[in-house]
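Asks: Listed below are the residues making up each chain.
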Amino acid sequence: MTLRARVQKGRLVLDEPTDLPEGTEVDLLPLDPGDWLDDEDREALHRALDASSADIAAGRLVDADEVLKEIRSA
Amino acid sequence: MKLRRVRFTEGARAQIAEEKLWWLRNRDQVEVFGEELHEAVALLKISPAAGTDYPRPAIPGVRRVHLRRLSSHLYYTFDDAEVIVRRSGTQSERRARPSIHVKPRWAFRRLGMLSTGTLSLAHGQRRCARQRGAVQRPPRGPEGLFSSAQLNELVASFGEYRQQQWRGRRRSQ
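Chains as they are written, first to last, in my numbering: chain F, 1 to 74; chain L, 1 to 173.
Read the hints as simulated data drawn from the structure, not as lab findings. It is possible that some hints are incorrect.
[To be verified] Computed list of lysine-lysine pairs in DSBU-like fashion (alpha-carbon distance at most 30 Å, straight line):
| no. | chain 1 | residue 1 | chain 2 | residue 2 |
| --- | --- | --- | --- | --- |
| 1 | L | K45 | L | K20 |
| 2 | L | K45 | L | K2 |
| 3 | L | K2 | F | K9 |
| 4 | F | K9 | L | K45 |
| 5 | F | K69 | L | K20 |
[Said to hold, decoys possible] Simulated DEER-style distance windows between Cβ atoms:
| no. | chain 1 | residue 1 | chain 2 | residue 2 | range |
| --- | --- | --- | --- | --- | --- |
| 6 | F | D19 | L | A42 | 14 to 24 Å |
| 7 | F | E40 | L | W22 | 11 to 21 Å |
| 8 | L | P57 | F | P21 | 17 to 27 Å |
Built from N, CA and C at the ideal position, the CB exists for glycine as well.
Please put together the full structure from these sequences, using the hints given.
Replies: Rendered as structure tokens:
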């Protein structure tokens, strides 16, 4: 997704249509810088991604709130 | 504004639990790990399309969102109803990242420095060198580490400081 902005008086001003309420603050994300995986690590990542489909097919899914709760608990 | 449900696969959940343990053992800022994941999940709930495409033939629609302070990504797919996080790239990306390296231990010993995996000078030497303005500690990178360029600069400036000290002692003898 690309958002277009103009510089006005030294500040970036977005000029994009949105249905967000007036006054809503938005965070702008910097572009993904890429990664530094070598062939072996990328292959491992791809195997894990492919294996994740088995988790989904078997219904082995956990709500994000539960995962975040586990992270905060220690 | 539509909020999507976000869920993790069991595999992703187990991986993140493992990575959290690594983070607790190896980083001072233990809260960063949870904060980054929390922010990423919040983003995915609101705007899953904000991630960048990561094409996989077997799995259409894979995207990833960058976890800046962890130097990593979350890989996920989504539809109108929910987002499924399939994998975190934290461990392998951290291992592969080339901009971080630590000088060989002998180099630190030669300069009277101690290496603990990140970088630390012996406390008394560091304080003394800082007071004299000889060593300016650069800001750390996103993982709490110095980049190789910063490290080289720090090693050079500290080595120069030690040489000046040594010359001063020689003159006074």
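Asks: Quickly compare the C-alpha distance for K45 (chain L) and K2 (chain L) to 30 Å and report which way the hint goes.
Replies: holds (8 Å)
Asks: What's the verdict on K45 (chain L) and K20 (chain L), does the C-alpha distance respect the 30 Å limit or exceed it?
Replies: At roughly 22 Å apart (the allowed maximum being 30 Å), K20 (chain L) and K45 (chain L) satisfy the hint.
Asks: At the C-beta level, are E40 (chain F) and W22 (chain L) separated by a distance inside 11 to 21 Å?
Replies: holds (19 Å)
Asks: Given the hint of 17 to 27 Å, check if P57 (chain L) and P21 (chain F) actually sit that far apart at their C-beta atoms.
Replies: violated (41 Å)
Asks: For the pair supplied as a hint, K69 (chain F) and K20 (chain L), confirm whether the alpha-carbon distance does not exceed 30 Å.
Replies: Satisfied, since the Cα-Cα distance of roughly 12 Å is no more than 30 Å.
Asks: For K9 (chain F) and K45 (chain L), compute the direct alpha-carbon distance and say whether it is at most 30 Å.
Replies: Roughly 34 Å between the alpha carbons, so the hint for K9 (chain F) and K45 (chain L) is violated.
Asks: Does the Cβ distance between D19 (chain F) and A42 (chain L) fall inside 14 to 24 Å?
Replies: holds (19 Å)
Asks: Please verify whether K2 (chain L) and K9 (chain F) have alpha carbons no more than 30 Å apart.
Replies: With Cα atoms ~34 Å apart, K2 (chain L) and K9 (chain F) exceed 30 Å; violated.
The earlier numbered hints that this structure contradicts are 3, 4 and 8.
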